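Q: As they're listed, the protein sequences go chains A and B.
Using the numbering used here, read the first sequence as starting at 1 and increasing by one per residue.
Using the numbering used here, read the second sequence as starting at 664 and increasing by one per residue.
For the record, the hints were derived by calculation from the structure and aren't laboratory data.
The structure presented is a predicted model; accordingly, all values stated were derived computationally and were not measured.
Glycine included, each C-beta is placed from N, C-alpha and C at the ideal position.
The reader is advised that the hints may include incorrect statements.
Derived lysine to aspartate or glutamate pairs resembling EDC-like cross-links, with alpha carbons at most 16 Å apart [stated by the list, open to error]:
{"id": "1", "chain 1": "A", "residue 1": "Lys613", "chain 2": "A", "residue 2": "Asp569"}
{"id": "2", "chain 1": "A", "residue 1": "Lys562", "chain 2": "A", "residue 2": "Glu551"}
{"id": "3", "chain 1": "B", "residue 1": "Lys855", "chain 2": "B", "residue 2": "Glu818"}
{"id": "4", "chain 1": "A", "residue 1": "Lys562", "chain 2": "B", "residue 2": "Asp809"}
{"id": "5", "chain 1": "A", "residue 1": "Lys562", "chain 2": "B", "residue 2": "Glu807"}
{"id": "6", "chain 1": "A", "residue 1": "Lys271", "chain 2": "A", "residue 2": "Glu317"}
Simulated coverage check for chain A against chain B, where a stretch passes if three residues somewhere in it have a Cβ under 8 Å from a Cβ of chain B [said to hold, decoys possible]:
{"id": "7", "region": "191 to 205"}
{"id": "8", "region": "367 to 377"}
{"id": "9", "region": "519 to 528"}
{"id": "10", "region": "557 to 564"}
{"id": "11", "region": "619 to 631"}
Just some of the chain A residues that point at chain B, by a computed CB distance under 10 Å [to be verified]:
{"id": "12", "residue": "Arg62"}
{"id": "13", "residue": "Met63"}
{"id": "14", "residue": "His484"}
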Amino acid sequence: MLADENARDDAPSAAREAAVAVIALVVAGLVGSGWSLGFHLDNAHNGLLGLSFTAVGLYVVRMRPRHREGVLFVAVGILHAVMFFGRQYGSHDVPLPGAEWIGWIGVWPLPLGIALAAWTLMSFPDGRLLSPRWRLVVGAMLTVAFGLSLVSALWPVDYDRTALVAPHPLDLPGAGRAQTLWDGARVFFLLFQVVWTAAILVRMHRTRGDEARQLRWLVYAVVVEITLLAGGLAVVGSPVPGLLALPLVPVAAGIAIFKYRLYDIDPVINKTIVIGAMVLVITAGYVAVVLGVGALVPAGRGLLWLITTAVVAVLSEPLRRRAQRVADRLVYGHRTTPYEALAQLTAGLNGAPEELLAGIATTVANAVGAREVVVWVGDEERLVPATAWPAAVDDPARTLHDLYRPQWQLRPVAHHGTVLGALALRKPSGESLTVAEDRLLSDLVAQTALVIVQQRHAEQLQAAARRIVTAEDAARRRIERDLHDGAQQRLLTLGLELGVLAERATADPALATQVRDARSHLLDATAELRDLARGLHPMVLTEQGLGAALEALADRSPVPVKLSVMLEDRLPREIEATTYFLVSEALTNAARHADARLVTVCVTKVDAGLRVKVADDGRGGATRSVGGGIQGMTDRLAALGAWLQLESPVGGGTRILTVLPCG
Amino acid sequence: MRVIVADDSVLFREGLARILAEVGFEVVGQASDAPSLVELARREAPDVVVTDLRMPPGFADEGIEAATAIRSIAPQVGLMLLSQYVEVHHALRLMNDFDGGVGYLLKDRVSDLGAFAVDVRRVAAGEVVIDPELVTRLVGRRREQDPLAMLSDREREVLGLMAQGLTNTGLAEELFVSPKTVEGYVRNIFMKLDLPPADRDHRRVLAVLRFLRQQ
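Full structure from sequences and hints, please.
A: This is the structure:
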């Protein structure tokens, strides 16, 4: 992925390489020769912007020719380089040849330059605007900027500010009105700033993931720039610090485009906040002590400094810690304390076994402020990711040894010396585990071991229960088959013999009656045997599947049954058998105990498995008494990973519901 | 009357063949599985086939499969299917798939030799025979709103016999009434239950069975 991000889109073509070289040379030439003409503070930023935007833009274009943002950067860079050279040329103390026209070129593109730069910032990081509506905004902005540039090109409206030595080359009438218009239209410059700020804020609000990370680089640079500009103006009374720091913006933007994954911005912001807060508070402290104490106590200047230094020295560490906490919360969000973490975990232990590990991953992430947490389960030779925070991962199986990866903290999870898994976490780059976090992590690893052990036991138990159910079904099927082919067949043949006997005994009425009685007993016996075999495992279920078997069940039910079965395919044997027995049990109960008038049976295939619902309108009050039919069904369902929901208020009918997972 | 007997149990098959011979049938062949039954029927051209419904190789509904195959070769052969269980869906399938001349009985029925011989002959004559137990089960079902409550006791009796496949003539004999009276009963039943009119006997059985099964 990383390699991919930084890969070139394709090998640079000769024509592109030549174009890049020419632009680089021209811009370097313009800015270089401009510098050689002297230093003008109010023009220096144009040179810096020209150089930095062109350099970053060309790099982007060269590495990613299809990246629109690079083209915009180059355009901004060239425009500023041209303006810089023009103004340098026109501001030269000794008038140079053609200074009027060349200086003119350095003045009037300013509105266009501002609009173009705003467009560039609004399109960051991919060179595309957020939506078609923003295209309208940019169009309007460029139109206004073009109009302003036109005014500035025709009349010397902006010459006062730029302090050019060479005069405006044109002398058209209406200069007074143009100046009035221009002074009024300057509000648009402020509007442009508002527009791009708004665009970035909207984008920050909407984007997630990589793009959000890229934006944070840009915003960070812009904020630092504004802070330096404002701070410089307020403290030193000069825009120089701010102007000198201007290249920070394009450089940060370039880093964001290429390296946002390599260099995480968050620790940088974090440290900036800490250092900024410290500087602010310490400065304020010095001022307060020097002014306050100095006014109250007539002490020597040296002594005062000594006191201040001592106070600051004593306070600095707690101050730093507090600032760090504030910065952490601002940058990484809320982190739980160890106590909170363990409390969360304990609360989570009541959940379903499969959710426990997910709970541990979340707890670890919150407790140590990890970017990513993966819980691996298996043995030393083969571990697979069981759960991960914030999103599931699809990594292949690895050995424990392979899991020691750069940037990842790894804790093997062991129980009685056997490796059961591993807890892997990745913190924001540049951050390491504190001692407290380390200790907390050890505790959580111990908990993880217990959870894994418990989970394994649960799985083994479940598998065993499932095997028992399957074995029972198989035994029932086998006995039914044996009865069908054996005892039932023999009795039927016996019936045949008796039939023949009955025919032959017509001459002897007493014997004939005896034979008929014997045959009638035999038929009762075969009927009973038939019911018994049917109860063990109905043939129709094996042959025709659940739908037909449930219909046959409804045919025999003493209580009217409304049957709704939505099934397309055959299901696993144990699922079919369990559903059949569940419905059979419910129908028997409805007839025998509930005195119901109607039973509704609804069997549907849903995503989670087979949903079975049986409801009657009987007298209710059914319970899971030990040894009862409902408890037996609950156990059978539990073995298949399903839970029987029973609702049976006295006088309100009985409803049972379950969803059988059909893996 | 030429008959072929098929069942995978030798004891039962031999017994069946013996009693059928005793009551006047000519047993022209015995089969122990579905494919050999079809082959035998092709060769011997019997009037009727008495076969187990559940046979090798699959022990599912091979009897019905074989019956279908035999019908496609010889459309006039009567088909009597025997089973240890009688299921409504099998009865519906037989009525639906076959154009009369089909029987579906519990194996227990063979112990009443006389009645069984009559049933086999009816099937050979193109009539329908459905096991009384299955019909009793359906007629006796309790229903949420029972349309059978609209019928008189006699009409209910007629309905049950119709479901067993009796023709109007058969009904008249069974109930000791004139064919005209029977026609009256049947017309009333069909009207009260709002059943679709059936031109053929097996269609009538199908309509009645379907009706009894719903609700």
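Q: Decide, hint by hint, whether the structure agrees.
A: Each hint tested on the structure:
1. Lys613(A) x Asp569(A): violated, 19 Å
2. Lys562(A) x Glu551(A): holds, 10 Å
3. Lys855(B) x Glu818(B): holds, 10 Å
4. Lys562(A) x Asp809(B): This hinted pair holds, its Cα atoms lying about 14 Å apart.
5. Lys562(A) x Glu807(B): Within the cut-off at roughly 9 Å; holds.
6. Lys271(A) x Glu317(A): Roughly 15 Å between the alpha carbons, so the hint for Lys271(A) and Glu317(A) holds.
7. 191 to 205: violated (count 0)
8. 367 to 377: violated (count 0)
9. 519 to 528: holds (count 5)
10. 557 to 564: n = 5 at 8 Å, threshold three: holds.
11. 619 to 631: violated (count 0)
12. Arg62: At about 73 Å, which exceeds the 10 Å cut-off, the nearest Cβ of chain B leaves the hint on Arg62(A) violated.
13. Met63: violated, 68 Å
14. His484: holds, 6 Å
The structure shown violates the earlier hints numbered 1, 7, 8, 11, 12, 13.
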